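Engineer: The residues making up each chain are set out below.
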Amino acid sequence: MRGILTFACAAALGLAALTFGPGEAGAQQMKKVKIGTEGAYAPFNFIDANKQLQGFDVEIAKALCAAAKYDCEFVVQDWDGIIPGLVAKKYDAIIASMSITEERKKVVDFTERYYKTPARFVRKSGSKIEITDAGLKGKKVGVQRATIHENFLNDKYAKIVEVRSYATQDEANLDMVSGRIDLLLADSVVLSEGFLKTAQGKGFEFVGPDFVDQKWFGDGAGIAVRKGDKDLREALNKAIRQIRTDGTYKKINDKYFTFDAYGK
Amino acid sequence: MAVIVGHLGQFASGLVLTVEVTLLSLAAGLLLAVPVALLREARHPALWIPAYGYTFYFRGTPLLVQLFLCYYGAGQFRDQLEAAGLWVWFREPYFCALLTLALNTGAYTAEIFRGGIRGVPRGEIEAARACGMSGILLYRRIVLPKAFRLALPAYSNEVVFLLQSTSLVSIITLMDLTGVARVLIARTFMVYEIFIFIGALYLALTYFVLWVFRCVEWRLSAHMRQAPEA
Chain A
1 MRGILTFACA AALGLAALTF GPGEAGAQQM KKVKIGTEGA YAPFNFIDAN KQLQGFDVEI
61 AKALCAAAKY DCEFVVQDWD GIIPGLVAKK YDAIIASMSI TEERKKVVDF TERYYKTPAR
121 FVRKSGSKIE ITDAGLKGKK VGVQRATIHE NFLNDKYAKI VEVRSYATQD EANLDMVSGR
181 IDLLLADSVV LSEGFLKTAQ GKGFEFVGPD FVDQKWFGDG AGIAVRKGDK DLREALNKAI
241 RQIRTDGTYK KINDKYFTFD AYGK
Chain B
1 MAVIVGHLGQ FASGLVLTVE VTLLSLAAGL LLAVPVALLR EARHPALWIP AYGYTFYFRG
61 TPLLVQLFLC YYGAGQFRDQ LEAAGLWVWF REPYFCALLT LALNTGAYTA EIFRGGIRGV
121 PRGEIEAARA CGMSGILLYR RIVLPKAFRL ALPAYSNEVV FLLQSTSLVS IITLMDLTGV
181 ARVLIARTFM VYEIFIFIGA LYLALTYFVL WVFRCVEWRL SAHMRQAPEA
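In the order they appear, the protein sequences are chains A and B. For the record, in the first sequence the residue sitting at position 71 is 71 according to our numbering, with numbers rising by one throughout. For the record, in the second sequence the residue sitting at position 73 is 73 according to our numbering, with numbers rising by one throughout.
The set of hints was computed from the structure by calculation and includes no laboratory data. There are no misleading hints in this set.
Partner residues are not named here, just some residues of chain B that face chain A (Cβ under 8 Å, in silico):
{"#": "1", "residue": "Y72"}
{"#": "2", "residue": "G75"}
{"#": "3", "residue": "Q76"}
{"#": "4", "residue": "T173"}
{"#": "5", "residue": "A186"}
For clarity, every value in this text was computed on a predicted model and none was experimentally measured. Where is the CB? At the ideal position from N, CA and C, for every residue including glycine.
Turn these sequences into a full structure, and let the hints guide you.
Structural biologist: Right, dumping it as structure tokens:
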């Protein structure tokens, strides 16, 4: 009995897949694309007081969808599960300030970059911590888990500093304010817009150089798609070029930054 | 597989932290649970109401919320905690993890022991009283030993739950087994391999705990088994 039931279910599912397979539906209306993002990485992607997704990534994503004529829907996913979520087909693309790195390229495909900003440290004003091996000795550095910044810290400074990994950048910022950690390492724009310029970030400042080593920080932030999803990747690449040339990118950029986030 | 073998050192340090946090909070929770269980059974409201409030809160709210409250919540009251000289403790994630887990398991264990105390047959207590025991002596010799024995199976469950609950401490930056796994997954994206591996480690730990309890129960129930035939 059980066997028959299972077979019937499988058959029904197979039939459903045949009828509602991809492509067929897309031919008549705009193709539906699900976009995964984090929603806790201001000013790039965050959830505002009205529970709406906002930010540079989100607006770029909407512009790209418009340019590529996709019907897009956002899915919010915690950062450290964001690539597994893509692989598991919970969404089709990640637009969440994800840096294009060799490690990630083994698992997902990337479009070209849509912005590129350096990483920097933040210290408490007047704390006099210098970003040298001697200056960092024994310091506690907060970083977001599963980021290029965490990899960079673990590879370059693990023997010198104590690395504290947080689930979100917000939590790292909180611990910086409460004084549990001495330094933050993150994307410079995220730190300046999402922390230093807020009331919370008063009394903190940047320290040390811009970090852009390609080995860790890759080629800027791109859009991740599943391996082999060539159609979507090419369509998004075309859309990125289009919004760069038609001024849409600049309009969004100027709303958030005083410099061109696309980088050189 | 190469990923797991290549990072065995990290897994080992994570495993040590997991076991350490489990044992320390278990010990602290146990020390806390006995007096709380006795207070819960007290007749005077000034005694049982605080004990009831404590178990009510810690059993009624999720452990994750308690961890966040202790860690990020305490961060907001830095000045007050500093004034009280407590900040040196609360600034350490390790302390917050131990405190929260100990208070949490203490509340559950207290309820388990209370059940044990309730389960002591009235006849035994009456017999003890008839022999002239009262108060502390009665509890020390008759009620508590019997209650421990009755509570043991339920307590072994609590130990297993606690062991598994420690996986939450990675959320406040501790590098326990789960924390290590998440860092490695972030670098390798081998979700299944790594989680299955640490799952197997937790499983082994769990069955080790259960085996220890079975041994203890076997020893404590000698009087209930038939004497071996000579």
